[in-house]
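Chains as they are written, first to last, in this note's numbering: chain A, 1 to 328; chain B, 1001 to 1323.
If you're looking for bench data, these hints aren't it; they were derived computationally from the structure. All residues carry an ideal CB built from backbone N, CA and C; glycine is no exception. Careful, some of the hints might be misleading.
Unchecked claim - Capping the alpha-carbon separation at 25 Å, the derived lysine-lysine pairs in DSS-like fashion look like this:
| # | chain 1 | residue 1 | chain 2 | residue 2 |
| --- | --- | --- | --- | --- |
| 1 | B | 1321 | B | 1308 |
| 2 | A | 203 | A | 254 |
| 3 | A | 203 | B | 1272 |
| 4 | B | 1245 | B | 1298 |
| 5 | A | 65 | A | 128 |
| 6 | B | 1272 | A | 140 |
Claimed, not checked - Partial list, computed: chain B residues near chain A (C-beta under 10 Å):
| # | residue |
| --- | --- |
| 7 | 1221 |
| 8 | 1222 |
| 9 | 1285 |
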Amino acid sequence: MSQIELDIRNLKVSFSTPQGNFLAVNGINFQLHSGETLALVGESGCGKTVSALSILRLLPEPPAKIISGEIIFGNRNLLSLNTKQMREIRGKEIGMIFQDPMTSLNPVLTIGEQLIETLLRHKSLNKKEALKISAQLLGKVELPSPEEKLKQYPHQLSGGMRQRIMIAMALACEPKILIADEPTTALDVLIQAQILELLENLKRETGMSMLLITHDLGIVTEIAERVIVMYAGEGVETGPTKELINNPHHPYTKGLIASRPHLGSTREKGHRLTEISGSVPTPHQRPTGCTFHPRCDWSSEQCKTQKPLLQNTNQKRKFSCHLQPESI
Amino acid sequence: MTDNHPFLEVRNLKKYFPPRKIILENNTAPVRAVDGISFTLKEGETLGLVGESGCGKSTAARTILRLEPPTSGSVHFKGKNLASLSETELRNQRKEMQIIFQDPFSSINPRRKIGDVLREPFAIHGFKGNVSEAVMELLDQVGLSPDYVDRYSHEMSGGQLQRVGIARAIALNPTLVVADEPVSALDVSIQAQIINLMIDLREKIGIAFLFISHDMSIVEYFCDRVAVMYLGKIVEIASSEEIYKNPEHPYTEALLNAVPGLDSGLKKQKLKVRGDIPDPSNPPQGCSFHTRCPLKEKQCEEMEPALKEITPGHHVACFLKEG
Ligand SMILES: Nc1ncnc2c1ncn2[C@@H]1O[C@H](COP(=O)(O)OP(=O)(O)OP(=O)(O)O)[C@@H](O)[C@H]1O
Ligand SMILES: Nc1ncnc2c1ncn2[C@@H]1O[C@H](COP(=O)(O)OP(=O)(O)OP(=O)(O)O)[C@@H](O)[C@H]1O
Ligand code: SF4
Ligand code: SF4
Ligand SMILES: [Mg+2]
Ligand SMILES: [Mg+2]
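Starting from the given sequences, assemble the full structure and let the hints guide the process.
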């Protein structure tokens, strides 16, 4: 068995808002193994970014509050570290590509200034060395004419180039873990393919582990070895990607896969797509029992009142549903 | 309607915007958002318009509906040149030509109740019947319960609101609906609902769709034909079956190859495209794709390939496919 790099146990995060408190993440569990790519997949608002930001302790507290759980990295619980210890981890041990590149790139500093600052924060280098490494990093993320790019400002670059810069910054200190939050969502499909390929290559070269956050099952099948599916703040199913896609155990996963048309599959005229009825509940009005029950085709009385526990079919696969996989 | 002119005919349509004001740069070239596109659409037919961000899809849509005047070229709707119509005639024609936008939250007035939003098209066009009844009927058609008339947009989910956007578009029984990325802003689990709704309406009312999307799988599924745009031009157009089975333009092939997922059965050869889309105010000489094309030859830098029919109904603009 491969080594566990990061272990998230029963993480619960609440937000206090004028409309009341709610749980953005409601008891999620997952493990990131060394050298693997694990995908965290789910629809908008299900708690992917909040989970990721919790790991790096970057949530705005308040309104956010981590109310329970452990995040074990090495032999330490990240949730019990102080600010200074956490700063050591961020960037150096765990790098992150944020969902919105413009919030993490400073518009008034050149790319070079930002990269050098990142490097100097964690490494004992002089400016000249940092400059040299910065140029190498840009070469590594396959940006043409790196020296020139160092002198440019973020707005002078295209979306794809900016994403490469973000990757270079996240990888500047050779972290063991890279968290990539929707790294290609804002990009066109051709640029997306380039960025995904780059991430895969860099992962292979450095041996780092990657937590990839996405809402696109296509991307999951393309680059993740394992996947965890989230719905309304909870992890509903996890397993090796191929197995999970070919034989989903949770009705929500099954619905997600079935509702996508597949490229190249012959289309029957007038044939409708399989849909998941209803809509995602707002965090203030989460249903009782199984959170998915108002939308589930197999929902029973039990589902309305009783939360399903996590079941195992084998060591690697877990899902939370009252039914057995054969019956859905 | 007579058979001797197409339902919709777009001829060499161009839409240029004034030069972008970029500080420090002496920019005088216009943005060639749409740079000479031609196609026809039959009654009840669905044409998909695909291509990367900024290739001119939305501009083409708006110009076709004459929400903006074209720089040159023409649009004939049921044989009538839209440019020759008076304001009143154009307004009448608009009843038949509607649009659904990508983001329902910004396209539906947040200060008005849904009922009032849906009354508007009837009011504008002097509807003679019972408007309240018509609004109820519309809600029913798009699968929303009657009590939504009293809601505001912020009280609804994106999917529900997009149903309102569709209801507004079909209120006056249009024959042509332009849907500009109608599901891109929606949750994955909601997209299928909206696509199904449009499939149902298409079958029931026989609407022709111009369907804009960057999602190749949805386009294949929903459309009869597909036009691929690059830098303001159509580089390939064919039936959706044909374009997915036999993509001829290197750009189309690259787009299909780049779709991540289970669909790799389709990937014959990995055509890789490097680099970014060029600036539409300064498009490359020759074939506009040559700066990124993995199959580029010498002539591609100098001459521009014309859109040619290579098999019946399948048009491509690439020197390699001219035979
Ligand atoms: N600062 C905040 N204040 C209040 N609520 C918040 C805040 N940040 C996130 N939330 C809420 O927490 C829930 C989870 O949000 P999160 O950003 O983790 O979703 P996500 O899965 O990343 O979605 P997306 O795919 O849209 O990025 C959402 O309901 C969101 O509105
Ligand atoms: N009103 C305008 N003034 C100036 N330039 C414009 C205007 N509208 C669009 N453009 C430019 O025209 C080009 C085509 O834009 P358009 O919005 O039609 O692209 P699109 O294919 O719809 O892209 P997307 O997929 O991002 O919606 C772009 O370069 C855009 O910046
Ligand atoms: S527990 Fe019940 S409602 Fe929930 S997913 Fe399983 S069958 Fe559906
Ligand atoms: S004409 Fe030349 S550059 Fe253009 S697509 Fe064909 S091969 Fe590529
Ligand atoms: Mg997020
Ligand atoms: Mg657009």
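Is it true that the CA of residue 203 of chain A sits at most 25 Å from the CA of residue 1272 of chain B? Measuring from Cα to Cα gives roughly 20 Å; hence the hint holds.
Is the shortest C-beta separation between residue 1221 of chain B and chain A less than 10 Å? 4 Å, holds
Under the criterion that the straight-line Cα-Cα distance not exceed 25 Å, is the pair residue 1272 of chain B, residue 140 of chain A satisfied? At roughly 19 Å apart (the allowed maximum being 25 Å), residue 140 of chain A and residue 1272 of chain B satisfy the hint.
Between residue 1245 of chain B and residue 1298 of chain B, does the CA-CA distance stay at or below 25 Å? 28 Å, violated
Compare the distance between the alpha carbons of residue 203 of chain A and residue 254 of chain A with 25 Å, and conclude whether the hinted pair is satisfied. Answer violated: residue 203 of chain A to residue 254 of chain A is near 30 Å, above 25 Å.
Closest C-beta approach of residue 1285 of chain B to chain A relative to 10 Å, hint status: Cβ of residue 1285 of chain B sits 21 Å from chain A, so the hint is violated.
For the pair we were handed, residue 65 of chain A and residue 128 of chain A, check the Cα-Cα distance against 25 Å. This hinted pair is violated, its Cα atoms lying about 42 Å apart.
With a cut-off of 25 Å on the C-alpha distance, tell me whether residue 1321 of chain B and residue 1308 of chain B pass. Roughly 9 Å separates the two Cα atoms, so the pair holds.
Using the nearest Cβ pair, does residue 1222 of chain B come within less than 10 Å of chain A? Holds: closest Cβ of chain A sits about 8 Å from residue 1222 of chain B, inside 10 Å.
Of the hints listed earlier, those the structure fails to meet are numbers 2, 4, 5 and 9, in rising order.
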